[in-house]
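Here the structure of chain A is known, so what remains is to put chain B in place on it, guided by the hints.
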Amino acid sequence: QKEVEQNSGPLSVPEGAIASLNCTYSDRGSQSFFWYRQYSGKSPELIMFIYSNGDKEDGRFTAQLNKASQYVSLLIRDSQPSDSATYLCAVKPSNDYKLSFGAGTTVTVRA
Amino acid sequence: DVKVTQSSRYLVKRTGEKVFLECVQDMDHENMFWYRQDPGLGLRLIYFSYDVKMKEKGDIPEGYSVSREKKERFSLILESASTNQTSMYLCASSLLGTAKAEAFFGQGTRLTVV
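As you go down the protein sequences, you meet chains A and B in turn. If you read the first sequence in the numbering used here, its first letter stands for residue 1, the second for the next number, and so on. If you read the second sequence in the numbering used here, its first letter stands for residue 1001, the second for the next number, and so on.
Mixed in with the good hints, there may be bad ones.
In silico EDC-like cross-links for lysine to aspartate or glutamate, where the CA-CA straight-line distance does not exceed 16 Å [as the list claims (entries may be wrong)]:
1) 1003(B) / 1022(B)
2) 1055(B) / 96(A)
3) 1003(B) / 1069(B)
4) 67(A) / 3(A)
5) 1018(B) / 1079(B)
6) 1003(B) / 45(A)
7) 1055(B) / 1030(B)
8) 2(A) / 1059(B)
9) 1070(B) / 1028(B)
10) 1053(B) / 1069(B)
11) 1053(B) / 1030(B)
12) 1071(B) / 1051(B)
13) 42(A) / 1038(B)
14) 1055(B) / 1038(B)
15) 1057(B) / 45(A)
Think of the hints as simulated: they come from the structure by calculation, not from any bench.
For reference, chain A alone in the conformation it holds in the complex (with noise of 0.2 Å):
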């Protein structure tokens, strides 16, 4: 069982519509969990990060973490097309200094 797991997707939402990313974790002690985006050929940047059960919000991204299902998610309000992009989740073991990576999920905002 891989450590973290995503739908690869693609994901293709309508400009203006709310995207949905899913992210699963085996390590139930995990601490932290953050989500960073990644455009076609660069390199990837943070955009979220959640250490609480429960919902995180900043601006048109939401992060929501269930540490009981082992379940972390990024909503996209307001999709638009510059939110095109893979989308990382990446989580934080208990007593470890690395992070572990999803595969990513791509997301296609339709103009």
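For chain B alone, kept in the frame of chain A given last:
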């Protein structure tokens, strides 16, 4: 503005060559990482370092080694390049000792081994 800089954006090397990928960060971060990224496989950790001269193997260390002689610099070495090491290589750094530490990435080096 935080910065992680990789020495080359694109590299083409021949099979059997020894290849050096350099990474420098200016954020005084203790942790530094080397990942490779391949389509459908995501980012896979090759090696990481949490202090000068300290290193630990990641998930796919075979065929690679690393060097960290100074805090700001972390080098990835391909001892004898092979075609299956053609990939995008990403360096990252983060603060030590906090669960909240995000990783900052360099711009990536696309290596082609022919």
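Hints, verified against the model:
Among the hinted pairs, residue 1003(B) with residue 1022(B) is consistent with the structure: their alpha-carbon atoms are about 14 Å apart, no more than 16 Å. For a cut-off of 16 Å, the pair hint linking residue 1055(B) to residue 96(A) stands: about 14 Å separates their Cα positions. For a cut-off of 16 Å, the pair hint linking residue 1003(B) to residue 1069(B) is broken: about 19 Å separates their Cα positions. Of the pairs offered as hints, the one joining residue 67(A) and residue 3(A) holds, with about 14 Å between alpha carbons and a cut-off of 16 Å not exceeded.
For the given pair, residue 1018(B) sits about 5 Å from residue 1079(B) by alpha-carbon distance, which is consistent with the 16 Å threshold. Annotation: proposed proximity of residue 1003(B) to residue 45(A) holds, straight-line Cα distance about 12 Å (limit 16 Å). Under the criterion of a C-alpha separation no larger than 16 Å, the hint pairing residue 1055(B) with residue 1030(B) is consistent with the structure, at around 12 Å. Of the pairs offered as hints, the one joining residue 2(A) and residue 1059(B) holds, with about 12 Å between alpha carbons and a cut-off of 16 Å not exceeded.
In summary, the hint linking residue 1070(B) to residue 1028(B) is supported, as the alpha carbons are separated by about 11 Å, within the 16 Å threshold. This hinted pair checks out: residue 1053(B) and residue 1069(B) have alpha carbons roughly 6 Å apart, not beyond 16 Å. The straight-line distance between the Cα atoms of residue 1053(B) and residue 1030(B) is roughly 11 Å, inside the 16 Å bound, and the hint therefore holds. The hinted pair formed by residue 1071(B) and residue 1051(B) meets the criterion: a straight-line CA distance of about 7 Å does not exceed 16 Å.
Between residue 42(A) and residue 1038(B), the direct Cα distance comes to roughly 13 Å. Compliance with the 16 Å bound is thereby established for this hinted pair. This hinted pair does not check out: residue 1055(B) and residue 1038(B) have alpha carbons roughly 23 Å apart, beyond 16 Å. Our distance criterion of 16 Å between C-alpha atoms is broken by residue 1057(B) and residue 45(A), whose separation comes to about 24 Å.
Hint compliance for this structure: hints 3, 14, 15 are not met, and every other hint is.
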